[in-house]
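Enquirer: Those protein sequence lines, which keep their order, are chains A, B, C and D. Counting from 1, position 181 in the first sequence corresponds to residue 217 in the numbering used here; the numbering is continuous, with no gaps. Counting from 1, position 173 in the second sequence corresponds to residue 176 in the numbering used here; the numbering is continuous, with no gaps. Counting from 1, position 289 in the third sequence corresponds to residue 311 in the numbering used here; the numbering is continuous, with no gaps. Counting from 1, position 283 in the fourth sequence corresponds to residue 1169 in the numbering used here; the numbering is continuous, with no gaps.
Hints may be right or wrong, so weigh each one.
As the list claims (entries may be wrong) - Dumping the calculated DSSO-like pairs for lysine-lysine here, alpha-carbon to alpha-carbon at most 27 Å: (1) K500/C - K296/C; (2) K262/A - K239/A; (3) K497/C - K512/C; (4) K67/C - K122/B; (5) K262/A - K323/A; (6) K893/D - K419/C; (7) K400/C - K419/C; (8) K994/D - K15/B; (9) K994/D - K386/C; (10) K15/B - K296/C; (11) K40/C - K239/C; (12) K239/C - K419/C; (13) K200/A - K379/A; (14) K129/C - K215/B; (15) K893/D - K366/C; (16) K413/C - K893/D; (17) K400/C - K893/D; (18) K275/C - K508/C; (19) K366/C - K239/C; (20) K366/C - K419/C; (21) K15/B - K136/C; (22) K67/C - K215/B; (23) K32/C - K893/D; (24) K296/C - K994/D; (25) K122/B - K893/D; (26) K366/C - K994/D; (27) K215/B - K122/B; (28) K994/D - K347/C.
What the hints assert, rightly or not - Stretches of chain C that chain D covers, calculated by requiring three or more beta carbons in the stretch to come under 8 Å of a beta carbon on chain D: (29) 342 to 356; (30) 391 to 401.
No lab work stands behind these hints: they were computed from the structure. For every residue, glycine included, the Cβ atom is placed at its ideal position computed from N, Cα and C.
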Amino acid sequence: MSFIKQYIEQEKLNRRNFLFASAAGLGGLAAGGMFGPGMARAAIADPTIAWSYRNRTNPYWNEIVSGGEAFVEGLGMSKDALVHLINEGSSEKSLADVKSLLARTNGELALAIDTNDAPNCRPIVEAVAAAGGYVSTIWNKTDDLHPWDFGDNYVSHMTWSDEKPAEETARILLNAMGGKGGVVHLGGIASNNPAIERLQGLKNALKDYPDVELLAAEPADWDTQKANQVMSGFLTRFGDEITGVHCANDTIAYGVIEALRAEGIEDMPIVSYDGNPQAVQLIAERKILATVFTNPHWGGGISASLAYHAATGAFKPSDEPNEHREFYGPTIMVTPEDAVEFKAKYLDNVPTYDWTDYWGPSNGQIQYK
Amino acid sequence: MNGILSRETLVKWAPLMVLLILVLFFTVLEPRFLSVRNLARISVSAAPALMVALGVTFIIIMGSIDLSMEGTVSVSAVIFAFAFLYLGGTLFGLAWLALPLAVLVGAVIGLINGIVHVKLRIPSFMASLAMGFVGTGLALLLTGGDRIRVEDEAFRGLLTERWLGFPIMVYVAIAFVLVGWFIQSRTTLGRNFYAVGGGEELAHASGLNVSKVRILGFMLAGMFYAVGALLAVARIGIAETATGNNFMFMSITSVVVGGTALWGGIGGVWNTLVGVLIVNVIGNGMVVIGLPGYVQDAVLGLLVIVAVVLSTDRKSISFVK
Amino acid sequence: MYELCKVDKKFPGVHALKEVDFFIGRGEIVGLVGENGAGKSTLMKVIYGAYQPDGGTVTIDGKAVRFQNPRQAMEHGIGMVFQEQSLITNLTVMENIFLGFEQQFVKFGVVQWKAMAVAASKQLAKVKLDIDPSTITAQLSFAQRQLVELAKVLTLEERVDGDLVILLDEPTSVLAREEVELLFKLVRDLTSRASFIFVSHRMDEVLELSDRVYVMKDGAVVDVVSQADARIETIQHKMVGRNVDKEYYREQKQKPYRPDQALVKFDRVSVNGKYEDISFDLHRGEVLCLVGTEGSGREAILRTVFGLETPTSGTVSIKGSEIRKFSAQSGVERGVGYVPRERKVEGIVAGMNVYENMTLSQMKNYSSAGVLRIGEEKDLARKWVDRLAIKTPSVFKDCGGLSGGNQQKVVLAKWRSGGSDIILLDHPTRGLDIGAKEDVYDMVREMCDDGVGIILVADTLEEAIGLSHTILVIKDGKAQQVFHGKPGDKPSLYDLVHYMT
Amino acid sequence: MNLERIKPHLPWITLVSLVLIVGIGDSNFLRPHNLISMVADIMPLFIMALGMTLVIFIGGIDLSAQSVANMTTVVATVALPTFGIGAALLCVVAGLAIGAISGFITTKLFVPSFVSTLAMGGVAYSAAQYLSGERALYMDATLRDGAFGWMVGSSFGIPHEIFLGAVLLLGTLFLQSRTTFGRALKAVGAGELAAVASGLSVTRIKVLAFALSGMLAAIAGLLFSVKLSGGSPTLANGFLLPAIVAVLVGGTPLTGGVGGVVNTLIGTLIVAVIRASMLYFEIDATMQQMIFGIILIIAIASTIDRSKLRVVK
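Next up, chain A with everything else stripped away, as it sits in the complex (with noise of 0.2 Å):
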């Protein structure tokens, strides 16, 4: 039973080794890491690849998950070589799966990831790093987590500055409106950053419209369904005060919609956030002002491309500068006038990606308030 021993003598070592890092702060941790086993591994020559998300029921994250199949692909695999780690919008499932698998494939891994809630990406990079894996993270994470204070293994995070665009469709919707009456909004699950972000982005276009007003804000939680019904509540509240309403994302607005069908309001100004196939059909159809197209297929596609190319030794995440680490995702506005073409574009055709190419389509470093 001796190898057991050495074992675990063994991964006490790596383990302490790790947190002494992780205490070391800032400077001492790129350092730090090199003691650990994911350092002792100059690269990977066939990592398993895999992606972990909230769930398949949104067609968000098919997109993403369409992405990283298509990456899979390019690389000449089968796309059910792409491992799916679904967390059902638990952080605790979510973390769990990560560690399994880092288990299963012995820190083997590029992962793509959203962690579900923010304070879960902390755990999930520590424990890819900790085991060797390579990480890209995309959405949630604290601002006070970095990927270049662990080395190579956190090889970067992307997410998307909400507030700009959603400025942008707010103009667009109190255009609409004449630029006066009110206005409602329904967002995400109030905590997730998104959904502070797009009310916010509402809140700074109102600042120019002072004859429009911010009747209410609720949360309607991504969720078709709580959107039919808060919208519902609104109708009765405000009756013919409400003049236009933004959407946190496609999804809400698709509930909005139906709500409003079933008091016979087929011409109410309403702007969404996603981009969603069914929101641009939507949009030709003029029934959605316009939507933001995250392009969550390529976001998909790259994230899993760079874990991927970082483990395998393709490049080197330390040698390269901070807006390759941590940086926003394209945003492509979409208007009736230009939807037919964008869903003859992105959609109907997507596009074949160069996944080598990593930064091209990203928008600049992530800033902090």
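Given chain A, work out where chains B, C and D should sit, using these hints.
Expert: The following block gives chains B, C and D in isolation, referenced to the frame of chain A:
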């Protein structure tokens, strides 16, 4: 305390009184609450939940519990949408067959649920919880995570067509309440639910085939869930894995708020109607009076407790679990 | 007409029925007696189809039959009136009567309530019960419910062509004497249509009603006696294999109580809707028996002493101090112990073992700062298992698996070992066989010798008379009369009945 | 072999079988480091399930546990700068209070625990949203390590979460098997009326059970918050059903009086192994939930001891 104000009478009518007080309360704060338009909105949002709650009412009367509704609703909705589109996508064609098919799907899932519970002798809480996972998982497997749009104008007419200010789906829901009431009061099966809930061992000794009643109960509940799924799809125009979300806790809460006891034997369809309306009136009312989002969960919780306290006959029970 | 021939039934480790022969003729009333565990209930279950015999034959009018379940037995005219209240209380009377056989009133899937009500009224008329068949069963008295059960079984008349065999399992256990007489009269009237098998622990009633009596012991029929030849002592001797002498109630051991030491004083105590203006004193060494019909307020008085009911007027004093706070806990702290009627539900906790049950009311004495001293608990339990001769393989045995008599001993041990000196006995011998009853009577006397005061609600009037020093007769919640009895100078049955009704 | 004698051992036999099945499929699974890490990660869920066990043991249910944990992730994060390690006390007290109120509503106002705890969960969730300003918050690393570093460190190759879980398990096991409270809990679960007739203060026992459940849910939230170094009103989402499932799979049925905290340990591990097996057997993402449900039925069917259930409702 006698005459019309006896304790029994008070307890019997307490849920309805709670509902009226709530309506009055919200109307005073916001008169528009009591408009026909808003009542129609409440009815529309309550209709699918009501169907699900009716289904689980029968189970609760038997003293069991069913937590499989979220899965059953999702599967029924998804299969309905697939079949509807496959059969032509409009009610005027063959696609109407998708409606009975969905109900059949609900019945089959309910039947399996009942068989797992009765034949494997697993308490219904656990059996149905697990079946719920299976249902949601099956819906996910069928759709692969996609949403299926049902755009047919005739089917969506359930939402868009109105009689006397109320969409047709509200009348459909009322019709099914009457069906539920009929089952409860005029059929052997309905009365047997009460017998099982009142004393399972005694019912068995009287020659009642309790296993059969239980299994049929779960099957019937599955059919009501499927009707709820149809109304949910009619309301949103989308069938997806998430169609069933949030039905579980809300439907059981509604049933309890309406005065049906979780230990079985007491309550019924009308209680559930009132209970569902109470929960939906609170939900709608909180938005209508402009209560901030972050306190809504607390207010809903507290009001539910008050409603249950008022409609429970505390003298007649020694303890609750 | 109905006959069992050499019927055998084995369970793992138990030979429950040993080649039993049993016969019942048309219109006959047959008694079935035996101690608990003698095989009575197995035999009944074979008769009404809940068990299938392993050997032997069952014949009806000479034709062999075999029932897979109670329903098939019913279809052959065999019905059972159960020992415990077996009506479903949230259903109406008519639903209960036709439970499981509603189909006859269903037209196009719809239950015809009017037709059912008419049919139910007809059944109720058979048992001379004049109530609305759509009454909710919970609103009936226990006696009425017993009659409804009989009416329910009698629906077999319409459903079955041949003759009926009706099993009555302890039908009188919840009935007052005059209700019993009513029932017996009814049964005798009904013999024109049915035969009855009457099972009861009350030997006098069995002899009073039955034409013949089967006596069972250890899974076999040991004697069959006709009414004319039957004598209680002989039968009891056969049942237990020893004499049950006149000292059944241990009257010779009854000693005078100590009138100077009052344990409980009731002074004009009332509980609204239950009883009013009750006064009595209970002394050390005294057995005070509360006698009255079901619902006369006896149980409510016991519950008040224990602390489960709070008086609406009057004062209760225990050991000299007036009680202001009524709760079961404070009752226990004052030394009151309660042996409830519903032994399996309120007496013991099934699922907990012997020592856990014994210390349940006095965990304080076997714990320090909330931590149990389990070793001491086991010692205590072993001591009392020996002292009361509780039949259990060990103190780790689940009490739910013990026989009724041993369960009762565990309950008594619980209170006695905790030092309770006011013991409330609610039907302490209900459902126990003779041997176990005698053990209980012995314990009552021993407790009195130790200076304990006992308030008793007895299973039978004989028991009440036999055991008590003082009898308080209650009717409709009001005290009627007080009797004092010394050994050899006791009130008669008639004296009591006179004031009860 | 006598079936009756195997029955009490079925839960752990099921667990060992599952571990072996996965281990045969992929021997990586059996590496001690992996198993230890898996156990460490399941600890927050386990601690919540421990509390749930006490309530299910008396035939109730605690649906507020997840919301209480959500609330404490926020409380811990918000209170850390001001109170340091005192934040832990604040969490524990908040959990106790919510649980006690649920218990009070259930026992004194006769609201079934299914509804009372769900409602109190709403209150806790609202409190979490209010306290967090509806945002995800993170802890300052130095402050966290100063106050709570001991919770997530590692000694002798074993993460401290496991020690914390073990201490709480031993604590509740002691409570369950060696104290008057545990005995009373069993009596209430198996025969509430008999407990009343023995003079036990059933109300107090039940309120205490709910309060302890709230407290353990709060500790679960606290541990999770420290582990993740932050808090949010949705952070502990997804805990509730697995926690209930863990208790049930372990063999503590909702009928009360049967099972216990050790069963819950086994049940939690069964849940963890089933979840991990999805990855080891590379189950397709869209099939995982369905298969989880089916395995669950099989696991429950094989672990519950039906001889203790009088009526299967």
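Enquirer: The structure should be examined with respect to each hint, and the outcome stated for every one.
Expert: Evaluated hints:
1. K500/C - K296/C: Roughly 9 Å separates the two Cα atoms, so the pair holds.
2. K262/A - K239/A: holds, 23 Å
3. K497/C - K512/C: holds, 21 Å
4. K67/C - K122/B: holds, 24 Å
5. K262/A - K323/A: holds, 20 Å
6. K893/D - K419/C: holds, 17 Å
7. K400/C - K419/C: holds, 12 Å
8. K994/D - K15/B: OK: K994/D and K15/B at ~20 Å, within 27 Å.
9. K994/D - K386/C: Status holds; Cα separation ~25 Å.
10. K15/B - K296/C: The given pair, whose Cα atoms are some 25 Å apart, holds under the 27 Å limit.
11. K40/C - K239/C: holds, 10 Å
12. K239/C - K419/C: holds, 26 Å
13. K200/A - K379/A: Holds. K200/A to K379/A sits at ~23 Å (cutoff 27 Å).
14. K129/C - K215/B: Holds, at about 21 Å.
15. K893/D - K366/C: Between K893/D and K366/C the Cα gap is close to 25 Å, so the pair holds against 27 Å.
16. K413/C - K893/D: holds, 26 Å
17. K400/C - K893/D: holds, 25 Å
18. K275/C - K508/C: holds, 11 Å
19. K366/C - K239/C: holds, 25 Å
20. K366/C - K419/C: holds, 15 Å
21. K15/B - K136/C: Status holds; Cα separation ~25 Å.
22. K67/C - K215/B: Status holds; Cα separation ~23 Å.
23. K32/C - K893/D: Holds, at roughly 24 Å.
24. K296/C - K994/D: holds, 24 Å
25. K122/B - K893/D: Distance of about 19 Å is within 27 Å: holds.
26. K366/C - K994/D: holds, 25 Å
27. K215/B - K122/B: holds, 10 Å
28. K994/D - K347/C: holds, 18 Å
29. 342 to 356: holds (count 6)
30. 391 to 401: With 4 residues in contact (Cβ-Cβ under 8 Å with chain D), the coverage given for the stretch 391 to 401 of chain C holds.
The structure agrees with every numbered hint stated previously.
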